[in-house]
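Q: If you read the sequences in order, they're chains P and H.
Mapping of the first sequence onto numbering that gives the first Met the number 0: residues 0 to 542, in sequence order.
Mapping of the second sequence onto numbering that gives the first Met the number 0: residues 0 to 214, in sequence order.
No lab work stands behind these hints, which were simulated from the structure alone.
There may be inaccurate statements among the hints.
Stated by the list, open to error - Listed next, the stretches of chain H that the computed footprint assigns to chain P, with coverage defined by at least 3 CB atoms under 8 Å from CB atoms of chain P:
1) 27–38
2) 178–189
3) 192–198
4) 201–211
What the hints assert, rightly or not - Computed from the model, here is a short list of chain P residues facing chain H with C-beta under 8 Å:
5) V511
6) A515
7) V522
Computed from a predicted structure; not experimentally measured.
From the three backbone atoms N, C-alpha and C, an ideal C-beta is built for every residue, glycine too.
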Amino acid sequence: MTDASSASSHRWCWTVLMLAAVVAALAITMAARVTPFGDTPDESGHYSYVHDLAHGEILPRLGEAKMTVGRWGYDPEVWGVEDRNNYITQHPPLYYAIAAIPYRVVDQVSGGDHYWLGLVPRLISALSLGLLVLVLYRILVTVGLDSARATIVAGGIAFIPTTLHLASGANNDIFLFLISALATLYFARFVQQKRLQDAYICALWLAMAGATKMTAWVLIAVLGPMLVYEMSARGWRWWLHAFGLAAVSVSTAGLWMLRNVVLFGEPFYRSGLDGAFEGERHRAGFAELLTDWPVMEWLMAHFHGLIGFSGHCVTPALQDICSGVRMTQVFGLSRTVFAIVLAAAVGVFMVYLLAVALKRWRQYAEPSFDGTERDGSVRGWVVSRVARKGRSRWLIAVGALVGASVSLALFTASQWPAYRFGDLHTAVMLAPPIAAALASPLLVMGGSPRERIAFYGPIAFAVFGVILFWQIHKGFTILGYPAGVHGRYLYPVLPLLIAGLGIAVSGLRIPVWFLALAGIAMVTGLGDALIAHVIPFYLETRL
Amino acid sequence: MSGKAWRVLWRGLALLGVAGLALLILSARYDGVIADYRLKPLDEKPHLVHPQTTDRLATGVSVTQSVDWSRLQPHSVVRFGDRPFCLSFYFATFGNADNDGVLDVVIQSEGRTAEAELSVDALRDNRFHAVCFEALSLEALAGEPATVTITGRDSPTEQAVALWQDHENAGGEPFIVHRLLVKRPAPEAREDAYALLAIVSFTIAVLLMAAWRRP
Chain P
0 MTDASSASSH
10 RWCWTVLMLA
20 AVVAALAITM
30 AARVTPFGDT
40 PDESGHYSYV
50 HDLAHGEILP
60 RLGEAKMTVG
70 RWGYDPEVWG
80 VEDRNNYITQ
90 HPPLYYAIAA
100 IPYRVVDQVS
110 GGDHYWLGLV
120 PRLISALSLG
130 LLVLVLYRIL
140 VTVGLDSARA
150 TIVAGGIAFI
160 PTTLHLASGA
170 NNDIFLFLIS
180 ALATLYFARF
190 VQQKRLQDAY
200 ICALWLAMAG
210 ATKMTAWVLI
220 AVLGPMLVYE
230 MSARGWRWWL
240 HAFGLAAVSV
250 STAGLWMLRN
260 VVLFGEPFYR
270 SGLDGAFEGE
280 RHRAGFAELL
290 TDWPVMEWLM
300 AHFHGLIGFS
310 GHCVTPALQD
320 ICSGVRMTQV
330 FGLSRTVFAI
340 VLAAAVGVFM
350 VYLLAVALKR
360 WRQYAEPSFD
370 GTERDGSVRG
380 WVVSRVARKG
390 RSRWLIAVGA
400 LVGASVSLAL
410 FTASQWPAYR
420 FGDLHTAVML
430 APPIAAALAS
440 PLLVMGGSPR
450 ERIAFYGPIA
460 FAVFGVILFW
470 QIHKGFTILG
480 YPAGVHGRYL
490 YPVLPLLIAG
500 LGIAVSGLRI
510 PVWFLALAGI
520 AMVTGLGDAL
530 IAHVIPFYLE
540 TRL
Chain H
0 MSGKAWRVLW
10 RGLALLGVAG
20 LALLILSARY
30 DGVIADYRLK
40 PLDEKPHLVH
50 PQTTDRLATG
60 VSVTQSVDWS
70 RLQPHSVVRF
80 GDRPFCLSFY
90 FATFGNADND
100 GVLDVVIQSE
110 GRTAEAELSV
120 DALRDNRFHA
130 VCFEALSLEA
140 LAGEPATVTI
150 TGRDSPTEQA
160 VALWQDHENA
170 GGEPFIVHRL
180 LVKRPAPEAR
190 EDAYALLAIV
200 SFTIAVLLMA
210 AWRRP
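With the rest of the complex left out, here is chain H (with noise of 0.2 Å):
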């Protein structure tokens, strides 16, 4: 093999390993948010107006939230009412300082109960977390009177997270803060963007070679 052969293998094995590196990073940077492209909003993002936290969701402690359908968007029912229905809240984590332990998550709806659980070191401090209760449907929900109780399971007090609650104005009653969504495939965009990742990841490694190569 000639010099310049060698050359171009050199720097097409340099290009793809770079490539190859940069891509594993970006990937488990991006793991846990292209898998939430399954989850479909269903309401605009709340505004937090007066912010503050519940206590600690310890071994036990529990709170209860009634669901409000008021912010659904139209036309959500039709457009995706046999999709599971999810909740996420708005979690304090502290810092995301060592959190350990399970939160059981229930809903009550007339005589309807579905319950599912979040994994406490998941969660990062001030984002949502969503919750999918596989066997109700949108449908089956919207519009009935329901509440949501969180409950922690197993959570040493300094390791449990809490949730972020507001009051509509100072005087208001606390909410839990709490967005509606549903389940729904998005394997498309899950292959769109694992795609656009590994473009950029070339980029950066032709970026790279384009700096390595002398003037």
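Looking at chain P on its own, in the form it has when it is part of the complex (with noise of 0.2 Å):
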């Protein structure tokens, strides 16, 4: 990066505050407006456990902590004495206690009115959502995006309805994404400049991630490795910085494993984990999962556009009456447009990743090329192993072939979604594999800091999404269907590859104006979305 453009990435621009402004404004009209209490996913249980907090109640203990009764105003002498667990207390506490100081303000200033109260931990998200696209922003301008394009990139994902959804009720999805995102950015600075003052903020962030969710433990087993495969030291220094990353990285998830230790006797102990399972498990393979259920489709018709939750049947005295669907797809415009805009930015990394391949590789076959990297990093020394004499071309032909092998395999086991632009969605969801084992190789064939940034996108989402799958077929032969499809988990990790497209974005010289146009259908894709589908949904599920 250029001194001129360094110090143009340390200023903000006026659009990009506006945009976090309205984005903002838009999650706050839902939240306040719109979105049903209880409407969110688990909403009840997120909602109780910043209520628990509130009232000094310290780490509500998962098995023994309840719903609050007589949430968001509803009668129990009407309604009935709820006695239900609330399961959301096996999530780490850091969103629920952040909102519980507003929310403990509200209750005295409101006189506890249930309206104010519902919406102090919405907030939370909302505001978390507009702090996002500025996180983002400044992640995109690290990695050498222009402020204009780093402006619309950056807005592009709270365009997406469900990423609106989920900013306008409790939960601590948004704000781990912004918590993900803070760490990304520092990760992405130290990649760049090598200062082991970021590597220590990105790893205080990914502490701070794993406070906030189990979902992020995951982040920080990719994000923290590869803070110590970048790190340069000397001796002694690098042991001990290798040790204090990892120290800081992890101390909050290893304290949250200790207390489920302690008290249930299992460090990743969730609800639903209480005994062995004793009913008879769906022999299935991954294979069958995914040929006999829609589960990429599901993956990213959920990530688009989930909306609903409870059909504001939030107890169970009202379960009677709450008939009919409780939540609902977004269909129409939305849908395509993102199908459209979403197959763009893929192709667009994919052709950047293949144009760095290919790059690679003729340097590669140049007979006086000398890879040799000497910054006292262990990426140095691997790369300089590799790179030894040119010889090592073969990694990317293997890396090309794995990934191709691993799309084909999910590609003839998958369903096709039978929607417009369904096999636009199914293409998309068959790129990581590719992206992953192409980008391996070349991390360890040299490049650039940006060009890593790049190549670290696909590798984390890659790990990540391995483990979502695992944890869904895991689901699937208990439950005998799959659950938890949902393309919320991968939040975290996609800072990363938002990174990683602005890189491309910036490498290729993509117009403005094509990511004007894209970003200006997506917001019009979300406003049909609004109108003419979620607005009409609590319509008519709303009592």
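Take the two lone chains, each set in its own frame, and fit them into one complex as the hints suggest.
A: Below, the structure is given as structure tokens:
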């Protein structure tokens, strides 16, 4: 990065500030006016967790904590007292602890007004979405994108109906997205500038992510080793900082695991794991799961637009009159635009990756090529070994072959969605294995810091994807149907992928008007989703 | 006024102008959808199995269908009994051709009769369109045997629309596809919709301004 661009990267442009404010306003409007209380995923549990912390209960225990009786103003005398366990207390407490502070204040100021109390945890999510746009912008500028392109790309994530839906409810997903983006920002700075201070700040944000949701532990397991892999130091200093970074990164996750071991005897203890499963297990392989169930379709469709949760049936007493649909997928303009824009984004990234692979192939073919790097990092050591005499071109071919094979296997096993552009969705889902398998050899074959940031994205995404599929399959063997098939679990790794996309957009010089058109199409699609699908859905299910 | 102040003023006006234009376009596009917020469906959307259209409802052509109460959701009468009853029908307009005229809709039950009308040129192909009977509440009618008759008042055959009907199975009697609804005020939802459209319009303007700025 030149000095000039580096200096400009420290300035905020007014358009991104305005965009972040507008996105936050959109989420706040949804939270305050449109989304019924209880109609975002597990909102009863998330709200009750905040309520318990605000009332002085330090770390409510899974199995003992209950859903708050009388939440959102429903009258226990009319609807009955509910005695339901709060399974959301399986999550680490950071989001809830932060939300509990304004909750306590609002409780005192408003005299316990149920509407305002219900709104407080939602506002944390809504404001997190606005801040997320700003942090993504910083990431994109840090990796070399100009402010116009960075503004548009950063805003894109907020134009997805599911993101906005979650930002309008009480949950830790958007907050975790924000924290993960902050970790990614400092990771990108560290890879480019090699300042240990940035590595430690990244580790600190990883620790914050670990204190927010167990999903983030996967990010720690991926980004933590990447920090150590990139770190340059000599002798014992290397070991000291490697230990330091690892210790900071895993600190909160480790504490939560320790608590789980002490209380439940299992570090990864979650709701539903009480005792061994005694029913008959559904013995089916992963291929059968993909063939029999539209897992790929659901992942993408739910990532794009899954609205609702309870259909307003927030207590067992209300179940009787809340028959019918409780959630809905968003179809129409929004999904069509999303399919096209996502396919274009993945296409841009894949072209960039192939261009880098071609460049590296040619470099390695030159007899005079010497790719050794001696910067005191593990990465430098690995690259120097691989690059010796330039004989390792075959790694690229092997990577491409492995990735293509995995994609082909997924392609063969998966159902193809019947809706419009569903084939485009499936095609997009097949890209990550190829991208990851291509990025892995490229990472050990050298490259500029920006190129390496672009390589880390698909690798981290692939690790996340494997664990997500493993969990889905595990649930499938117990329940007989796939549960938890939702793209939101991938939020922690998305900032790194978005950084990679920014690098590809910059490298391939994608015209800013092209991006603006895509952004405007997505916003228009979001408007269509809200007016023609989301509000009518709530009107139909709301009591 | 300094050059910088002029720039800020110019940007602000441009932003508001573009946002206003976008809001006008979006409002025109979604006015009909937002107007329908006043309708509360009381049944699940039906799945068509063997659909086919009726004859075109040209001048004097009628179709009659008994109201299917079996799909009315539980507790509907308790919750919405005092609201005006509405029915929606699934129309075929043959590619939104230049349709014209009026449809008379009459519902009859146990001596009660109510009438309403639908403007043919407002109907769109393969969509539900509702007609409400202001003088007839849901509780006055629910569960009672009732028939609805739709008659073309003044449409030439080539400008007349038709209704989709379905067979529960290939050998069954055809029935005209319809949904049960009530009319209820939803002023807040309409306000929310326009507020969201305004924010979406402003977002479009911000994106355009972002692209307009030179890096």
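Q: Run every hint past the structure and note whether it holds.
A: Going down the list of hints, with the structure as the test:
Judged by the Cβ-Cβ criterion of 8 Å, the segment 27–38 of chain H is covered by chain P as claimed, because 5 of its residues qualify and three suffice. Figure legend: the segment 178–189 of chain H, annotated as covered by chain P; annotation consistent (3 residues with Cβ-Cβ distances under 8 Å, at least 3 required). Check on the segment 192–198 of chain H: 5 of its residues sit with their Cβ under 8 Å from a Cβ of chain P, so the three-residue criterion for coverage holds. With 9 residues bearing a CB less than 8 Å from a CB of chain P, the segment 201–211 of chain H meets the requirement of three and the coverage assertion stands.
Hint status for P:V511 relative to chain H: holds, with the closest Cβ pair at about 5 Å, below 8 Å. Residue-level restraint check for P:A515 holds (minimum Cβ-Cβ distance to chain H is 4 Å; threshold 8 Å). The interface hint given for P:V522 is met, as the beta carbon of that residue sits about 5 Å from the closest beta carbon of chain H, less than 8 Å.
In terms of the numbered hints stated before, the structure departs from none.
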